[in-house]
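There are 2 protein chains.
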Amino acid sequence: MNYDQFFTDAVDALRRERRYRTFADIERNAQRFPRATWHSPGGPREITVWCSNDYLGMGSHPDVVEAMRETALKRGAGAGGTRNISGNSHEIVLLERELADLHGKDAGLVFTSGYVSNETGISTIVKLIPDCVVISDELNHNSMIAGVRMGGRQKAIFRHNDLDHLEELLQAAGNRPKLIVFESVYSMDGDIAPIAAICDLAERYGAMTYLDEVHAVGMYGPRGAGVAERDGVMHRVDVIEGTLGKAFGVVGGYLTGSRVVMDAVRSYAPGFIFTTALPPAIAAAATASVRHLKHSTKEREGQRAQVAKVKAALAAAGLPQMDTPTHIIPIMVGDAKACKAACDVLLTEHSIYIQPINYPTVPRGTERLRITPTPFHDDKLIAQLAEALTDVWSRLDLPRVRDAGHERRTVAMGTAPIAMPIAGG
Amino acid sequence: MNYDQFFTDAVDALRRERRYRTFADIERNAQRFPRATWHSPGGPREITVWCSNDYLGMGSHPDVVEAMRETALKRGAGAGGTRNISGNSHEIVLLERELADLHGKDAGLVFTSGYVSNETGISTIVKLIPDCVVISDELNHNSMIAGVRMGGRQKAIFRHNDLDHLEELLQAAGNRPKLIVFESVYSMDGDIAPIAAICDLAERYGAMTYLDEVHAVGMYGPRGAGVAERDGVMHRVDVIEGTLGKAFGVVGGYLTGSRVVMDAVRSYAPGFIFTTALPPAIAAAATASVRHLKHSTKEREGQRAQVAKVKAALAAAGLPQMDTPTHIIPIMVGDAKACKAACDVLLTEHSIYIQPINYPTVPRGTERLRITPTPFHDDKLIAQLAEALTDVWSRLDLPRVRDAGHERRTVAMGTAPIAMPIAGG
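Protein chains in written order, with numbering that gives the first Met the number 0: chain Y, 0 to 424; chain V, 0 to 424.
You may find that some hints are simply not true.
Repeated chains share a single entry, so a pair holds when one copy, or any two copies, can fit it.
[As the list claims (entries may be wrong)] List time: in silico DMTMM-like cross-link candidates among lysine to aspartate or glutamate, alpha-carbon distance up to 20 Å: (1) K310 <-> D343; (2) K73 <-> D62; (3) K73 <-> E45; (4) K379 <-> E348; (5) K126 <-> D11; (6) K126 <-> D3; (7) K339 <-> E16; (8) K297 <-> D3; (9) K126 <-> D8; (10) K73 <-> E26; (11) K339 <-> D24; (12) K379 <-> E45; (13) K73 <-> D24.
Think of the hints as simulated: they come from the structure by calculation, not from any bench.
Construct all of the structure, not just a fragment, from the sequences and the given hints.
See below:
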């Protein structure tokens with residue numbers, strides 16, 4: 000049996016569809032964020048990263064870095080075990096308290112990643128609710144889809160942010176228990192869910208709510224707890240999921256909620272129980288970041304200012320950005336090959352790194368660049384970006400302004416040999 | 000709808016079955032490993048940890064800690080993105096090369112945890128092999144079972160380390176593609192798979208092999224690549240999975256294998272694609288650990304010596320240890336309540352921390368203590384351990400020596416409300 004052939008065929012299929020991915024080999028420079036060294040085929044080169052999820056540059060914040068360094072020295076590099084078997088560090092206990100406080104909940108629970116928190120969190124929650132119907136936004140992240148699937152309950156998918164359709168599905172589920180699963184900021188389009196209205200419906204129809212705020216924590220709300228905090232509805236959401244790996248600048252994921260829900264997930268979720276805990280140094284760095292962003296608004300304000308400037312510069316240049324109410328700025332290209340070519344020219348000739356976003360992360364025909372300005376992308380870098388993009392758009396003869404706001408994704412799932420739901424990678 | 004009641008019921012069920020878990024709140028002391036501070040209900044107390052998976056104390060090794068600290072300073076606390084979108088740090092690229100070299104394979108692939116590497120790795124591999132039958136050891140870790148389930152292929156479970164049964168199942172699968180999924184060191188019983196004989200069968204019946212060496216990497220073989228290296232059969236295994244979170248002392252998991260298999264998993268595995276990469280500081284610390292243990296045998300030799308001394312001391316004391324060929328020393332208690340009580344007395348009165356191992360991690364009636372001596376558990380600590388255990392066994396009137404070697408687990412799966420397969424948490 001020639002097993003290698005199966006894998007060769009699978010990889011060849013990606014190449015044929017022009018969606019074989021090559022990872023850029025990057026050395027971040029914490030002292031000069033968002034500058035980095037790219038290990039290009041021709042040797043190391045300095046570049047500017049414009050596509051990081053370290054949205055506020057907190058990964059380079061001195062308090063965060065120092066917490067990591069100091070804790071590594073005192074506690075060592077790892078946790079040494081699962082949470083149950085010697086890996087429950089004091090630092091992770093403190094982090095969970097900090098996160099519970101951030102979201103105004105009883106308790107928090109830390110996972111090795113946001114992906115795992117969604118996958119094992121959602122699946123465990125729905126397994127513990129007899130006869131539960133899961134009602135899920137069609138653009139939910141792959142990790143949430145994985146959690147819904149693994150939960151094995153009946154599911155109903157509502158059209159993206161469509162309250163009427165959500166209400167229909169809630170009605171159709173009748174008196175059965177229901178879990179509404181949704182995000183606040185959708186990462187590829189940069190749009191925001193109507194959280195308050197979803198909570199209204201949840202209350203009217205007796206549904207429990209599970210909200211993913213991974214692209215919003217640290218960024219929105221007076222203490223950086225997310226869009227639900229900003230909108231004054233945090234207390235109406237049952238479970239809030241977040242990440243320590245984006246605006247908080249470290250790594251890991253978490254849930255917050257009532258004591259009993261967190262205790263049940265802690266006690267039953269395989270992806271929580273049977274895995275080594277995050278190192279104390281990671282937990283301490285994350286705690287430092289969360290604490291800092293609870294009190295400091297400088298980063299959020301700085302970022303908002305630079306996001307507005309980037310949007311203005313792109314508009315002035317006639318580039319087809321999607322109109323978003325968030326920090327995420329997609330620029331439409333609409334073709335996989337052109338999208339990759341644009342990114343290659345940006346990187347090799349302008350030393351600007353923006354990863355092409357192609358299918359299956361977004362549907363075919365909506366291939367795009369996705370720009371995420373931080374407070375550290377100063378006016379000079381913004382001017383360079385606009386100039387570089389203008390050059391690339393001219394050289395490759397890419398489409399200019401059109402009604403990019405209408406280019407919203409529709410659901411595109413499934414491709415041989417494995418169906419890969421959209422969003423995020 | 001009173002959702003909280005569902006979760007309260009689930010937690011109450013665990014309490015009734017005496018398997019509600021309380022995590023000990025621990026501060027490791029990197030300078031004085033395996034000493035730690037326990038945040039007890041009565042305040043902080045110094046204890047000795049005897050149940051860590053940091054088997055060689057590498058989490059406290061100066062090279063490992065310094066690599067983490069230096070890289071955090073230079074590169075910041077996090078990766079800033081998925082592997083595809085700006086998170087592919089040079090440090091993680093170097094780590095993957097180091098791991099490929101360790102196992103004598105073309106390529107390595109790093110995941111956020113060993114759990115994730117098994118779950119998304121196995122499921123992706125079997126999905127890419129049309130009509131694959133998965134043939135899996137009955138005592139495989141929860142993460143492997145999760146991977147097999149998620150893969151959605153037909154599966155066949157062979158009795159633990161039973162070559163005749165494995166051969167039967169291989170024959171029964173006929174000409175269909177087959178993946179044999181197994182571990183080298185089984186973590187709760189401390190026994191070892193007949194890897195060479197399994198490879199013989201795999202070759203005879205044209206099966207691909209997937210071997211989990213998480214409890215063996217760093218520990219066995221001349222360069223610490225695991226039992227397959229020790230047995231001279233590493234080149235005969237197709238995919239070797241390992242962890243950076245046990246003997247290597249950090250956190251994270253990985254696969255190694257042929258270039259095309261790694262490339263296919265890299266390109267198709269959702270749990271790899273849609274998640275933030277491990278921080279550069281974690282990757283650098285892991286690389287330092289792997290490199291050190293490739294050349295240094297001091298840690299392995301020191302550990303083996305201390306393991307032998309612990310086994311001798313327990314035998315002299317007439318304590319019912321299971322006879323194992325590995326570094327894992329289970330002591331049988333055989334009752335959940337007594338097991339917990341023994342651990343409580345050890346901790347509160349002898350300042351010795353050994354987590355009780357109860358159902359569902361092991362089958363009911365085989366509850367045990369699980370001791371993992373490191374090279375840093377010196378002779379004085381071993382004497383204290385034997386004395387403390389003798390005291391506890393007398394006070395609680397626990398069973399003394401019997402033929403503990405026959406107390407091997409049998410498969411015990413499934414319990415309301417969620418089935419939790421055995422091993423590891």
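The hints, checked one at a time:
In this assembly of identical chains, the alpha carbons of K310 and D343 never lie at most 20 Å apart, being 22 Å within a copy and 60 Å across copies at closest. Taking identical chains as interchangeable, the C-alpha atoms of K73 and D62 lie at most 20 Å apart whether they share a chain (16 Å) or sit on different chains (14 Å). For the homomeric pair K73 and E45, the shortest alpha-carbon distance between copies (15 Å) is at most 20 Å, but the shortest distance inside one copy (34 Å) is not. Taking CA atoms no more than 20 Å apart as the test, K379 paired with E348 passes inside one copy only; the shortest distance there is 17 Å, against 64 Å between copies.
Taking the shortest Cα distances, K126 and D11 sit within 20 Å of each other only across copies (16 Å), while inside one copy they are farther apart (38 Å). For the homomeric pair K126 and D3, the shortest alpha-carbon distance between copies (14 Å) is at most 20 Å, but the shortest distance inside one copy (37 Å) is not. Only within a single protomer do K339 and E16 lie at most 20 Å apart by alpha-carbon distance; the minimum there is 13 Å, versus 57 Å between protomers. Proximity of K297 and D3 under a CA criterion of 20 Å is satisfied in neither setting, with 53 Å inside one chain copy and 39 Å between copies.
With identical chains, the CA atoms of K126 and D8 are at most 20 Å apart between copies only, with a shortest distance of 13 Å across copies and 37 Å within one. When the C-alpha separation of K73 and E26 is checked against a cutoff of 20 Å, the pair qualifies only between copies, where the shortest distance is 9 Å, while the shortest distance within a copy is 27 Å. Only within a single protomer do K339 and D24 lie at most 20 Å apart by alpha-carbon distance; the minimum there is 16 Å, versus 49 Å between protomers. Taking the shortest Cα distances, K379 and E45 sit within 20 Å of each other inside one copy (16 Å), while across copies they are farther apart (54 Å).
With identical chains, the CA atoms of K73 and D24 are at most 20 Å apart between copies only, with a shortest distance of 16 Å across copies and 31 Å within one.
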